[in-house]
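These protein sequences, in sequence, are chains A and B.
Sequential numbering of the first sequence, starting at 1, is according to our numbering.
Sequential numbering of the second sequence, starting at 1, is according to our numbering.
Keep in mind that the hints were calculated from the coordinates and are not lab data.
Small disclaimer: the values here were computed from a predicted structure and weren't measured.
A couple of the hints might just be wrong.
Which copy is meant is left open, so a pair is good if it fits within one copy or across any two.
Pairs of lysine-lysine residues, derived as DSSO-like cross-links and limited to a Cα-Cα distance of at most 30 Å, are as follows [as the list claims (entries may be wrong)]:
1. K155 / K5
2. K85 / K5
3. K85 / K155
4. K62 / K5
5. K85 / K62
6. K85 / K159
There are 2 protein chains.
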Amino acid sequence: MTKSKLTFWYDLASTYSYLSAMRVEALAEVEGVEVVWRPFLLGPIFVAQGWASSPFNLYPAKGAYMVRDIDRIASLRELPFVMPKVFPSNSLTAARVALVGAEDGWIAPFTRAVYAAQFGAGQDIADPAVLASLLDDIGQDAGRALARATQPAVKDRLKDNTEVAQSLGIFGAPSFTADDDELFWGDDRLEQAVAWATQA
Amino acid sequence: MTKSKLTFWYDLASTYSYLSAMRVEALAEVEGVEVVWRPFLLGPIFVAQGWASSPFNLYPAKGAYMVRDIDRIASLRELPFVMPKVFPSNSLTAARVALVGAEDGWIAPFTRAVYAAQFGAGQDIADPAVLASLLDDIGQDAGRALARATQPAVKDRLKDNTEVAQSLGIFGAPSFTADDDELFWGDDRLEQAVAWATQA
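With these hints in hand, go ahead and build the complete structure from the sequences.
As structure tokens, this is what we get:
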């Protein structure tokens, strides 16, 4: 029997995805579910919906609520939380590096490192020097990983992830798919998504 | 010591508010929290955000997901769920009748009856005959309640609820406020909101 899979769809600039990234693997492991990490870009999906920026910027009440909501949840989970100076960050390079990590088996620790730097410590993940330092921290060759992230095959993979996300009806992050195309949206649906995967 | 209070903010046409309306009182009671039922209108708040309709209509991927998401949750809670033919319903008269019920002490059963008719049985809650039948069902004088719902004082109370909701930063429904102004949004935050109320 093959192991049940849960696909975790995330944009590396997404605040609520930070909450899920820090717990998805531990939560899935308990249930015997394998996590497939699929970074994508929310930008093109937002643009297709007519939004030029994050809804948290376009709708100030929603943005203010999001910060307070995550503050409360992060505090319950004993996670640090701080908004970076620029939000949303440009997550393009970080997402491409993550896809190099998917090839090499370090996408999970790299993703967690990016979120922790950004939303735990307010660092600018659009800065390649910040990404290099995070790669160092997880024991990877930063120069080599950043160079590979510029290869056409990696760029295409990110485009493909974004297109597949959109075709699955994904409109925000984090999202989860189980049993191929059963879609769950939001950190608050993670338990339900894992349960669905175990029954698939 | 006065009893802790949780204010439940809802639009009678809101799908996710249906989920909360059917469980808020039982959940709060266990914790010794009193529920204050405050219907308001999402329409003016959506218009202020530049939306001419529900985001579930404006953003089809979001709308399709909402139906599936509520389907799954309603099924877990053994609640029927069906979308009415017209969505969102015009909830103006229903909200005014609910406010008459707030004066007389039957707002909770009336609210549940409206949601159950609409999202459990697909009935049109914009139709006064439907509201009259629901008032009958909960043992109220329908003619009298519908007539009182047209009084200026009742209309003003609904406008006031909507304005207060907006001033509290409310941008969707259901929302909950505890300890005066601590805001929680979404049926998935109800437990957290009740817990906050008990600690206030």
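What hint numbers does the structure not satisfy? Number 2 only.
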